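Protein sequence lines correspond, in order, to chains A and B. Be aware that the first sequence starts at 126, since it is given in our numbering, and climbs by one per residue. Be aware that the second sequence starts at 126, since it is given in our numbering, and climbs by one per residue.
Hint data in this document are derived by calculation from the structure and do not stem from the laboratory. Note that the coordinates shown come from a computational prediction; the quantities given were computed from them, not determined experimentally. A virtual CB, placed ideally from N, CA and C, is assigned to each residue, including glycine. Take these hints with a grain of salt, some might be off.
For the chain A half of the interface with chain B, some residues (derived, Cβ under 10 Å), not all of them [said to hold, decoys possible]:
no.: 1; residue: G244
no.: 2; residue: E260
no.: 3; residue: A291
no.: 4; residue: V298
no.: 5; residue: V301
no.: 6; residue: V305
Covered stretches of chain A, as calculated for chain B (at least 3 residues, CB under 8 Å) [as the list claims (entries may be wrong)]:
no.: 7; stretch: 145-157
no.: 8; stretch: 162-175
no.: 9; stretch: 191-197
no.: 10; stretch: 213-221
no.: 11; stretch: 227-234
no.: 12; stretch: 323-329
There are 2 protein chains.
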Amino acid sequence: MRRLPERGRYDRATIDAILDAMPLAHVGTVIDGAPVVTPTLQWREGDRVYWHGSAASRMLRSAADHPVCLTVSLLDGLVLARSAFHHSVNYRSVMLFGQAEKVSAPADKERLLRAFVDGLYPGRWTGLRPMTPQELKATTVLSMPIDEASAKLRCGPPKDDEADYALPIWAGVVPVQLSVLAPEPDPRNRPEVEIPATLKDLRLG
Amino acid sequence: MRRLPERGRYDRATIDAILDAMPLAHVGTVIDGAPVVTPTLQWREGDRVYWHGSAASRMLRSAADHPVCLTVSLLDGLVLARSAFHHSVNYRSVMLFGQAEKVSAPADKERLLRAFVDGLYPGRWTGLRPMTPQELKATTVLSMPIDEASAKLRCGPPKDDEADYALPIWAGVVPVQLSVLAPEPDPRNRPEVEIPATLKDLRLG
Chain A
126 MRRLPERGRY DRATIDAILD AMPLAHVGTV IDGAPVVTPT LQWREGDRVY
176 WHGSAASRML RSAADHPVCL TVSLLDGLVL ARSAFHHSVN YRSVMLFGQA
226 EKVSAPADKE RLLRAFVDGL YPGRWTGLRP MTPQELKATT VLSMPIDEAS
276 AKLRCGPPKD DEADYALPIW AGVVPVQLSV LAPEPDPRNR PEVEIPATLK
326 DLRLG
Chain B
126 MRRLPERGRY DRATIDAILD AMPLAHVGTV IDGAPVVTPT LQWREGDRVY
176 WHGSAASRML RSAADHPVCL TVSLLDGLVL ARSAFHHSVN YRSVMLFGQA
226 EKVSAPADKE RLLRAFVDGL YPGRWTGLRP MTPQELKATT VLSMPIDEAS
276 AKLRCGPPKD DEADYALPIW AGVVPVQLSV LAPEPDPRNR PEVEIPATLK
326 DLRLG
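Just chain A, with the same shape it has in the complex:
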C-alpha cells in the first residue's frame, strides 16, 4: 500500500500513449460545490481530448466552460511485497486539468464523432445508418486541451526495505490486463452480414 512519491511523467508521448490505450475516463466536475466523478469515453485528436453525451446530461452541462479534471487509469498489476506497507499496484494514469469547451458547429461535432467511432472501429462510420440532424442536436461534444497534464505510472517488482528481502515471504507481481473477447453478434443481425474484420484486431489497454 505504499504511496511514496511515484514517478511523475510530463512528456507528451507518455501522456498520449495512455490516453490512446484506454477510452474509459473519469471526468470530475463540481456541482453545487461538491465533486461529481462520472465515467465516460474519451478520445484524443492532436492536442485535445474529447468526450460526449446527451445534451440533457447534468455532467456535461456542469462541465462546459467550467474547470474539469479528466483522469484515465489502467491497472496493470497487483504488487505484493514483504511488508503490508510496500504493497502497491502497477498502473498507468493521466490527469488532465482545464476548462471544458463545448463544440458548437454541427459539422465539427459530426466530424469529431466520426473520428471517435472510426478510432475504435476503423472504417465503421461509412457503413452505418447516417446520423440525423436530431441525433446530432441531442449530442453534446466537449473538449479540453492537453496542456495542464501529468502522467503517473508504476511498473516492475515490489520495492521492499532492504532488510526484508531476507525474509521467507513470497513477493511478486500479479499482472492484470483488459482482455477483448470474441464478438457476440446481435441475434437480430440479418443473416447475410459478416463480422467486420477489423473487430478482430481490437485491443484495449
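With the hints as your guide, set chain B onto chain A.
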C-alpha cells in the same frame, strides 16, 4: 454513443457487488474550487468504503471532512449498433457521495488495513513483516458511508431504432474483461518460498 437515460439502480446488493468486484476507484475532491480525480484502491466493510494513502497526500488532505465522490466503474463490453447514435458500452458503475472521514485510532487503522490486504489476498497479513508504528503513522485511512449511492449499468445487445434492424449492418457486443495473469515472482524471493495457493484464485471484475 447513446446516452439516453440508463437504468439507475439503488439497491444495496447491486451497489455492494460492484464495489466488491473492483478495488480500483476514482475519488473526486475539490481543491481551490476545481475538481481533482485521483485513482486509488477502495475496499468495503459493511456500510462503508475505505481508501488510504500517504499522510502527505494532497488528495487525502483535500478529502478529509470535505465532500467527495467515489466512483467505481467496470467496462464490460463495447456495443456496436446500426447507427452511430446507438453505439454504447456495457458497464457497471457506482457513485458514492458524502463526506470523507479520517480514521484516527491507530488500532482501527491497522485493523482496516489488514482487512484490505486480507480481502485481496486471503490470509496474507499474518505472514508479512509486521507493520511498524512509523508506517502506520505515515498512512492515512479515509472512509465514507454508503448512503448517498447509486449504481448504473448496461448489459445486453445494442438497442437500435426499429427500422434500422432491417439494414445489413453488423451489430453486436465485443465483451471485455479484466484478466488476472500468472503471478511473476520477485527475482529476489528466497529460493524456498512458494507462491500462496490463494493467489491462483484471484479474480477482478
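Return the numbers of the hints above that this structure violates; sort them in rising order.
1 and 11
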